[in-house]
Amino acid sequence: MASFFKESPSMSNLLTFYASISTLSMIIRTILNEIVPRRARDFFTKKFIDFFSNYFADFTFVIEDRWQAVPNETFRAVEIYLPTRISSDTRSLILGNNDNNNITGLPKSNMPTDSKVIDEFENMRLEWILKEKETNQTFHYSRKRYFNLTCKKRDRDRVMKEYIPQVCRTAKSILDQREKLYIYTYDDHWVSTVFKHPATFKTLALDSSLKNSIIDDLNLFCQRKEYFQSVGRAWKRGYLLYGPPGTGKSTLVAAIANYLRFNIYDLQLQNVKNDAELRRVLTATANRSILLIEDIDCSTKARARGSARDIVRRDGSNRDDDRSDNKRSFDPGVTLSGLLNFIDGLWSTCGDERIIIFTTNYKEKIDPALLRPGRMDVPIYMGYCSPAGFRNLASTYLSIEDHLLFNCIDDLIKRIEITPAEVAQHLMKFGDPKIALESLIKYLRMKEIAKEGNGTERAEEDEVIKQEEVKFIAKEHLKVVCGKQGGKDGDVREEDEISRSIYLS
1 MASFFKESPS
11 MSNLLTFYAS
21 ISTLSMIIRT
31 ILNEIVPRRA
41 RDFFTKKFID
51 FFSNYFADFT
61 FVIEDRWQAV
71 PNETFRAVEI
81 YLPTRISSDT
91 RSLILGNNDN
101 NNITGLPKSN
111 MPTDSKVIDE
121 FENMRLEWIL
131 KEKETNQTFH
141 YSRKRYFNLT
151 CKKRDRDRVM
161 KEYIPQVCRT
171 AKSILDQREK
181 LYIYTYDDHW
191 VSTVFKHPAT
201 FKTLALDSSL
211 KNSIIDDLNL
221 FCQRKEYFQS
231 VGRAWKRGYL
241 LYGPPGTGKS
251 TLVAAIANYL
261 RFNIYDLQLQ
271 NVKNDAELRR
281 VLTATANRSI
291 LLIEDIDCST
301 KARARGSARD
311 IVRRDGSNRD
321 DDRSDNKRSF
331 DPGVTLSGLL
341 NFIDGLWSTC
351 GDERIIIFTT
361 NYKEKIDPAL
371 LRPGRMDVPI
381 YMGYCSPAGF
391 RNLASTYLSI
401 EDHLLFNCID
411 DLIKRIEITP
421 AEVAQHLMKF
431 GDPKIALESL
441 IKYLRMKEIA
451 KEGNGTERAE
461 EDEVIKQEEV
471 KFIAKEHLKV
481 VCGKQGGKDG
491 DVREEDEISR
501 SIYLS
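So the sequence shown is numbered by the UniProt record's numbering: it starts at 1 and just counts up by one.
By construction, these hints were calculated from the structure, which means they are not laboratory data.
Please note that a few of the clues may not be correct.
Pair by pair, the computed Cβ-Cβ distance ranges are [said to hold, decoys possible]:
(1) H189 x D89: 33 to 39 Å
(2) H197 x I449: 32 to 38 Å
(3) A276 x I174: 32 to 38 Å
(4) D207 x D157: 54 to 60 Å
(5) D188 x Q229: 32 to 38 Å
(6) T396 x M160: 46 to 52 Å
(7) N212 x K180: 25 to 31 Å
(8) P433 x D207: 21 to 27 Å
(9) T396 x E162: 45 to 51 Å
(10) C222 x R91: 37 to 43 Å
(11) P368 x D217: 19 to 25 Å
(12) D352 x Q166: 18 to 24 Å
Just so you know, even glycine gets a beta-carbon here, dropped at the ideal spot from N, CA and C.
All chains, please: the whole structure from these sequences, using the hints.
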């Protein structure tokens, strides 16, 4: 055949060659039609076409941001994974920095809408494109985001069984090692900001036994995904932090978030209109996160309702118009049953590895329905500062492990109720440990005087302490002045009267 073309054949030779080929093809076709059954011919024809279509044709996966009314975790994994695959071939990027505390920080990059990112995996070429479209909801427009993943049709099964799981594993690894955490607040939608709270379990003013029990419980929870599935329970954990104000409830939440590297969703129930919105808000939270509802007792209406059948009019008829009063509700329109349904009802399974934390200053004001096991798994009492808690605070704020004044402070703390916040406030006042500890001792003694000497109610305690503290400062000032004038301590005249005049002025 090669020699035939090299000799530059004439037109007649070409026509003769074409006629020969055509005749041969017709003979072969006739033989196939006569000998090979039609079903066999169709089978081999389909295989022939499929072979070349699989080799050359493309196939597209669509990954939407929501899946069956809840956030699509595969979409979120792709969002986390793709910024690591951005290369010099990418034609456009989104740059931004949401760290309010570091405006000069290096911006992060991400994919803009309709941009393309090329990835490779085991000799497969994969093309990602982020798309967005508006959808018409009942009362408003919302935007739906989705990724298009294009690959060769022959690679479809490998992409589903090997590539997508690898993307999810990589995203989980990135989340486990992420440097920044975020705290989300809700006002019509979740808004995030960088979470930079320095609290750790090491700096908490808690007894070591309580710290260790909390850490052990968190570790056990994170390691028991298969166990929760085997017993048919949602992979979540509920904590109730209760105790007087200033005892470190919010600080413990921050320490848990830093320890687990979980983002925080801070929900104010007053911002939620009804149960339907509450369901939408809570299902929009991501896995591996903390849902925080602070001061749960302040969010509830203490409306104990009787049953409608127990409310009877004088004529003996039931007051059916009062049936809506059978529900306790959360301001302004969230019912207790709506909240409970998400905590341990059917909707509690919409998400994995979630921690729900309620805080309150008054546990006795909380509806008992919220306190039963399965809803609040671990109640943690955050009490007044203990000697062990004080020593932890001294180590954190003063960088000392022991001091001659520690025993005196320990004795006072055992007798006087003082919160860790009050202790920290006095330790931060001075850079010198001795002066800081002396200031704390004086404050504790003033609280003791306010409590015992005057029989003062707790509401008036702060005022008495303020008076005693001003007197003390005035005395110290007069001693310094008299010392500079060459006087002695005994020369201080009418200290109490002067102190009182300073306070009244």
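The hints, checked one at a time:
no.	hint	result
1	H189 x D89: 33 to 39 Å	holds (34 Å)
2	H197 x I449: 32 to 38 Å	holds (36 Å)
3	A276 x I174: 32 to 38 Å	holds (34 Å)
4	D207 x D157: 54 to 60 Å	holds (56 Å)
5	D188 x Q229: 32 to 38 Å	holds (35 Å)
6	T396 x M160: 46 to 52 Å	holds (51 Å)
7	N212 x K180: 25 to 31 Å	holds (28 Å)
8	P433 x D207: 21 to 27 Å	holds (23 Å)
9	T396 x E162: 45 to 51 Å	holds (49 Å)
10	C222 x R91: 37 to 43 Å	holds (40 Å)
11	P368 x D217: 19 to 25 Å	holds (23 Å)
12	D352 x Q166: 18 to 24 Å	holds (20 Å)
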